[in-house]
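Student: Chain by chain, the residues:
There are 2 protein chains.
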Amino acid sequence: MSTDRAESDPMRILFAGPERLWEPYNDALPKALAAVGISADLAMDHPPSEVDWIVYAPDGPLSDFSPFTRAKGVLSLWAGVERIVSNPTLRLPLARMVDDGLRHGMVEWVLGHVLRHHLGLDAHILHQDGVWRHEPPKLAQDRPVTILGLGELGLACAGALSAVGFPVTGWSRRPKEDPRLIRTLAGLDQLQNSLEDAEIVVLLMPLTAETENLMDRRRLSWPAPGFVLLNPGRGALIDDDALLDALGSGQVGHATLDVFRTEPLPPDHPFWAHPRVTVTPHIAADTRVSTAARVIAENVRRGQAGEPLLYLVDRTAGY
Amino acid sequence: MSTDRAESDPMRILFAGPERLWEPYNDALPKALAAVGISADLAMDHPPSEVDWIVYAPDGPLSDFSPFTRAKGVLSLWAGVERIVSNPTLRLPLARMVDDGLRHGMVEWVLGHVLRHHLGLDAHILHQDGVWRHEPPKLAQDRPVTILGLGELGLACAGALSAVGFPVTGWSRRPKEDPRLIRTLAGLDQLQNSLEDAEIVVLLMPLTAETENLMDRRRLSWPAPGFVLLNPGRGALIDDDALLDALGSGQVGHATLDVFRTEPLPPDHPFWAHPRVTVTPHIAADTRVSTAARVIAENVRRGQAGEPLLYLVDRTAGY
Chain R
2 MSTDRAESDP MRILFAGPER LWEPYNDALP KALAAVGISA DLAMDHPPSE VDWIVYAPDG
62 PLSDFSPFTR AKGVLSLWAG VERIVSNPTL RLPLARMVDD GLRHGMVEWV LGHVLRHHLG
122 LDAHILHQDG VWRHEPPKLA QDRPVTILGL GELGLACAGA LSAVGFPVTG WSRRPKEDPR
182 LIRTLAGLDQ LQNSLEDAEI VVLLMPLTAE TENLMDRRRL SWPAPGFVLL NPGRGALIDD
242 DALLDALGSG QVGHATLDVF RTEPLPPDHP FWAHPRVTVT PHIAADTRVS TAARVIAENV
302 RRGQAGEPLL YLVDRTAGY
Chain X
2 MSTDRAESDP MRILFAGPER LWEPYNDALP KALAAVGISA DLAMDHPPSE VDWIVYAPDG
62 PLSDFSPFTR AKGVLSLWAG VERIVSNPTL RLPLARMVDD GLRHGMVEWV LGHVLRHHLG
122 LDAHILHQDG VWRHEPPKLA QDRPVTILGL GELGLACAGA LSAVGFPVTG WSRRPKEDPR
182 LIRTLAGLDQ LQNSLEDAEI VVLLMPLTAE TENLMDRRRL SWPAPGFVLL NPGRGALIDD
242 DALLDALGSG QVGHATLDVF RTEPLPPDHP FWAHPRVTVT PHIAADTRVS TAARVIAENV
302 RRGQAGEPLL YLVDRTAGY
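So the sequences go chain by chain: R and X.
Our numbering numbers the first residue of the first sequence as 2 and each following residue consecutively.
Our numbering numbers the first residue of the second sequence as 2 and each following residue consecutively.
Next comes chain R alone, as it looks inside the complex (with noise of 0.2 angstroms):
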């Protein structure tokens, strides 16, 4: 039986993210648990009832956790874990990815769009056409931006676009302080007082029952007319429709997508045709697999020594 496991037996991990990942964290995890100091058995096939700690994807092959009775954890490759929240079989602690590439991705992703938008950029991308055309762009400090979301990425963002000089409003569901931000607001009933004025707006809220469809017909009208919406947070945080009507009537004046409710976004999907739709496959925010191979040992470690767990998911919010 498992539980006969000698105590000197190494730990063992399982690793249940897809197979294309196997043999760079195969590589890279082992030196990061050597890094601080643990010896592990890392696999993709260890009986369920001998595994101390899991690695997780949600496009890994792994939906029941009821078998996994020694496990200490679950440690998610992913910082977006709607996908396993809600699963009745995981009692186990769950710690999201909090990755520097993952944070240091989104961050140069949103610091570009933006910067894209705000100098017209597609304007000289499209338009060479010989015409010297003198109309310097207006400054950032002139360019109101509001970041929904004001987690680990939310915040990263919020100060990069502040340090360039926009005046930067973040809104989240619960209060956050933040000194970099021009205002912070909280709270459904601040979300009109947000977007209001904003001429960029970014969506880096997680993705719970609460934020689905957050941005619905009524809310795409409250920023500034023909305002830009980028989405690297989550697809189903925007009412699709609502967005493609907002985009026909001028409201919205362009959208720069990362994130769809169905991903690959399928080749006839209307966003991918349409003039003043961006598409970009998921690649804002990529977890890098040696930094993210250090934030799982260190997890480990925690776990191993009784301290507590980065990025611990509190199950009741969701996220």
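Honestly, the hints are just simulated from the structure, not real lab data.
A hint or two may mislead.
Stated by the list, open to error - Looking from chain X toward chain R, a few residues come up when the C-beta cut is under 8 angstroms (computed):
(1) 126
(2) 131
(3) 135
(4) 137
(5) 140
(6) 142
(7) 280
(8) 282
Cβ atoms here follow ideal geometry from the backbone N, Cα and C, with glycine treated the same way.
The hints should help you fit chain X onto chain R, whose structure is shown.
Tutor: This is chain X only, laid out in the frame that chain R set:
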């Protein structure tokens, strides 16, 4: 005679900029002067011998400074002074414009165009073909950027790029120290070292006899193959024919140029039609009237009080 002017006469400031800027400066400059306790008579047509200060732009009417026998200095509205610095009639102190708005505009342009190439935005802007290519770009930390020129603007851009995570090398003709840069190098013998491995190169040098054609055939071969060249500095820093050849061979992957030997860039210039050249119409850094007026006013105040002028040009160095 002008020398009979009473001491109680208000100070006379000649506005020797282009006609189109007269109205905005006639509005903003008296306010900025009043804010530092100075009352002045601003006009475009004071008799030269009665002028105390000259507000100057190269696209204005003034080229002979010899009749301005009473003037205390020339306050340029432009950051670049190569069109005035060698004027033999100019024996007055000359101050460059270093304007907050100009610096912010430059940082925004440089950051936006660096991120455009770093993130590969063109692929998403130009080719929305319904094919889901999940290929996240590498992180800024793996994209070396070199800035040639570490004046006010070069240092500001270096700081902003460094804050986003790019490893920045800064080169200047004379040594500078800046903690925001990974490394600073100086002098022509360090130029090759500064450019090697750079994937993006930003030109922000002043134009002098020494820097004209600095980016010639040989030096364009030093950065990483396929590198991106951004020139928001001065057009003549680049040997245009050498650049076209380097674009043809692929050594330069893309050039984004904001400044040219002839402006407006003639409609039949090959840069307009080249698929891997982006022309922007000298919009990277534009002096903003409200902030520039404050710089002019502060220099008038300093000059009247016998304090050293801000941003005084070193006529020997040429900037």
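Student: For each hint, tell me whether it holds in the structure or not.
Tutor: Consistency of the hints with the structure:
1. For the restraint placing residue 126 of chain X at the interface with chain R, the shortest Cβ-Cβ distance is roughly 6 angstroms, inside the 8 angstroms limit, so the hint holds.
2. A least Cβ separation of about 4 angstroms between residue 131 of chain X and chain R falls short of the 8 angstroms threshold, and the interface hint therefore holds.
3. Hint status for residue 135 of chain X relative to chain R: holds, with the closest Cβ pair at about 5 angstroms, below 8 angstroms.
4. Against a cut-off of 8 angstroms between C-beta atoms, the interface hint on residue 137 of chain X holds, since the closest Cβ of chain R lies about 4 angstroms away.
5. The criterion of a C-beta within 8 angstroms of any C-beta in chain R is met by residue 140 of chain X, whose closest approach is roughly 5 angstroms, and the hint holds.
6. With its C-beta approaching chain R no nearer than about 7 angstroms, residue 142 of chain X sits inside the 8 angstroms limit, and its interface hint holds.
7. The beta carbon of residue 280 of chain X is positioned within 8 angstroms of a beta carbon in chain R (closest approach about 6 angstroms), and the interface hint is therefore held.
8. Of the supplied interface hints, the one on residue 282 of chain X holds, with its beta-carbon coming within about 5 angstroms of a beta-carbon of chain R, less than 8 angstroms.
In this structure, none of the earlier numbered hints is contradicted; all agree with it.
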